[in-house]
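Once you've looked at the hints, dock chain B against the given chain A.
2 protein chains.
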Amino acid sequence: MRPPVIILNEPQLAENIGAAARVMANFGLSELRLVRPRDGWPQDRAWASASGANWPLDEARVFDRLEAAVADLTLVLATTARPRETQLPVWTPREAADVLHDAVGQDKAVGLLFGGERAGLETADIALCHGIVTVPVDERFRSLNLAQAVALNCYEWRMGVSDRPRAAFAHNIAERAPLEVQVGLYEQLEAELDKAGFFHPPEKRPSMVRNLRVALGRAAMTEQEVATFRGVITALSRGRGRVLEKLARKARELDGLKPEGGE
Amino acid sequence: MRPPVIILNEPQLAENIGAAARVMANFGLSELRLVRPRDGWPQDRAWASASGANWPLDEARVFDRLEAAVADLTLVLATTARPRETQLPVWTPREAADVLHDAVGQDKAVGLLFGGERAGLETADIALCHGIVTVPVDERFRSLNLAQAVALNCYEWRMGVSDRPRAAFAHNIAERAPLEVQVGLYEQLEAELDKAGFFHPPEKRPSMVRNLRVALGRAAMTEQEVATFRGVITALSRGRGRVLEKLARKARELDGLKPEGGE
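Residue numbers (numbering that gives the first Met the number 0), protein chains in the order written: chain A, 0 to 262; chain B, 0 to 262.
A hint or two may mislead.
Claimed, not checked - Simulated pairs of lysine to aspartate or glutamate, EDC-like, Cα-Cα distance not exceeding 20 Å:
no.: 1; chain 1: A; residue 1: Lys107; chain 2: A; residue 2: Asp71
no.: 2; chain 1: B; residue 1: Lys194; chain 2: A; residue 2: Glu94
no.: 3; chain 1: B; residue 1: Lys107; chain 2: B; residue 2: Asp71
no.: 4; chain 1: A; residue 1: Lys107; chain 2: A; residue 2: Glu94
no.: 5; chain 1: B; residue 1: Lys194; chain 2: A; residue 2: Glu191
no.: 6; chain 1: A; residue 1: Lys194; chain 2: B; residue 2: Glu191
no.: 7; chain 1: A; residue 1: Lys203; chain 2: A; residue 2: Glu186
no.: 8; chain 1: A; residue 1: Lys203; chain 2: A; residue 2: Glu189
no.: 9; chain 1: A; residue 1: Lys245; chain 2: B; residue 2: Asp71
no.: 10; chain 1: B; residue 1: Lys107; chain 2: B; residue 2: Glu30
no.: 11; chain 1: B; residue 1: Lys107; chain 2: B; residue 2: Glu174
As the list claims (entries may be wrong) - If we take Cβ atoms under 7 Å as the criterion, some of the chain A residues that face chain B in the derived model are:
no.: 12; residue: Asn25
no.: 13; residue: Leu143
no.: 14; residue: Tyr154
Quick caveat, the hints were computed from the structure, so don't treat them as lab data.
Quick reminder that beta carbons are idealized off the backbone N, C-alpha and C, glycines included.
Bound-form chain A, shown alone (with noise of 0.2 Å):
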């Protein structure tokens, strides 16, 4: 499968060009063109930005015409803000993930269009395409960074391919401990509760048990974690139990002192 070539007509700065190409290594892309960089080519500084994702750039063919960097393609998509008075079809970047999926699923050779920091693309380059793409800015503030630009279509593109199913709470529901780990230390929490006289009164014992139960079972707790729970409990329990202690040692040691006729 090879992922669709990014070509970034008259770009401007080299470091949106090493942005771009950091981001295109980010999601599996790799075939850079440019049409008429305006400060000439190779530059220090697209290397500079990039990151360390130097392969689009050193690979990175250059072009006088943009008919000659889309020539050997087979479905070129043109990114704009705004789209124009045109007869293209306009597609979100995800539905034009979809389309240049299709494409490459058949074996063609596909590209990105992307315009100059402050024109974009003219009407004439647009023509030249087979769609539009546009990200959907907010209409107070609709001007997108260049590399931004290219990264929200390299991202969709990627979300294609991976096509991960990926349920929430996978993770979790992986490593749950079995319920009678759980119930374990629930027991364990109301047993110490009981003797610290937390339930009270008495006849909302059950409710109170079934909120707590609610609550730590949300929790989804791995063994391990029911295990360091329960020493929680237990190291909680033992400091209320030397409290106490301390105070029932003292009740002890004074109790002989009580003056006769005492309570």
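This is chain B only, laid out in the frame that chain A set:
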């Protein structure tokens, strides 16, 4: 509807703070919080790189501690490139956007937490959060720029604004306590465990604290439940009601009778 707060923990480069503000504006977010920005705040370079998206920067709030920066939020998700050994649920930005929308739909204040450029988030920071967001980057090049990570998450939030499938997490969020309430519970528990000599050996205290916080955080307690568990901790460590009161009364009563030279 109040979009997520973006929290940058120990950001290093003002350019990235500005780029984050710009992309927040692109996708309709505006609340930015900075925890210990490396080079201080404000910094002109942030405004320069925001390209006119000044309002998130103008109104950015700066904090010394992450705990303070998230205190008023009810749901905070930590974005990390690499899911840690933790028992928090792990989501893609898309899944995370669903979770955030559910919470916001129930009038909860929510946030997305990002670590600094070099080191990302520490495990202790993540332990304050309720879930982990991981961008599905290519294994061969995982280093995602900070502002790009902000961009992808803000984009997914925006994509979810109009058209959104229901997430499974709703019931937990419904009445979830704000983080400052939750942190109050953690700190009470940890103080009591300190007294009880639970954290042993001392060098393991940070990881033990983290594990306890993660497990309790997953329970997604309501304020009422937090209050109940604070009562549980008090009862376990000091006893409650008759048991202790009776002994204490007795001790006080007898205290006046303490003999000279007594203990």
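Against the structure, the hints come out as follows:
no. : hint                : verdict
1   : Lys107/A x Asp71/A  : holds, 10 Å
2   : Lys194/B x Glu94/A  : violated, 58 Å
3   : Lys107/B x Asp71/B  : holds, 10 Å
4   : Lys107/A x Glu94/A  : holds, 18 Å
5   : Lys194/B x Glu191/A : holds, 18 Å
6   : Lys194/A x Glu191/B : holds, 18 Å
7   : Lys203/A x Glu186/A : holds, 17 Å
8   : Lys203/A x Glu189/A : holds, 13 Å
9   : Lys245/A x Asp71/B  : violated, 41 Å
10  : Lys107/B x Glu30/B  : holds, 15 Å
11  : Lys107/B x Glu174/B : holds, 9 Å
12  : Asn25               : holds, 5 Å
13  : Leu143              : holds, 5 Å
14  : Tyr154              : holds, 5 Å
Going down the numbered hints, you'll see the structure goes against 2, 9, while the others check out.
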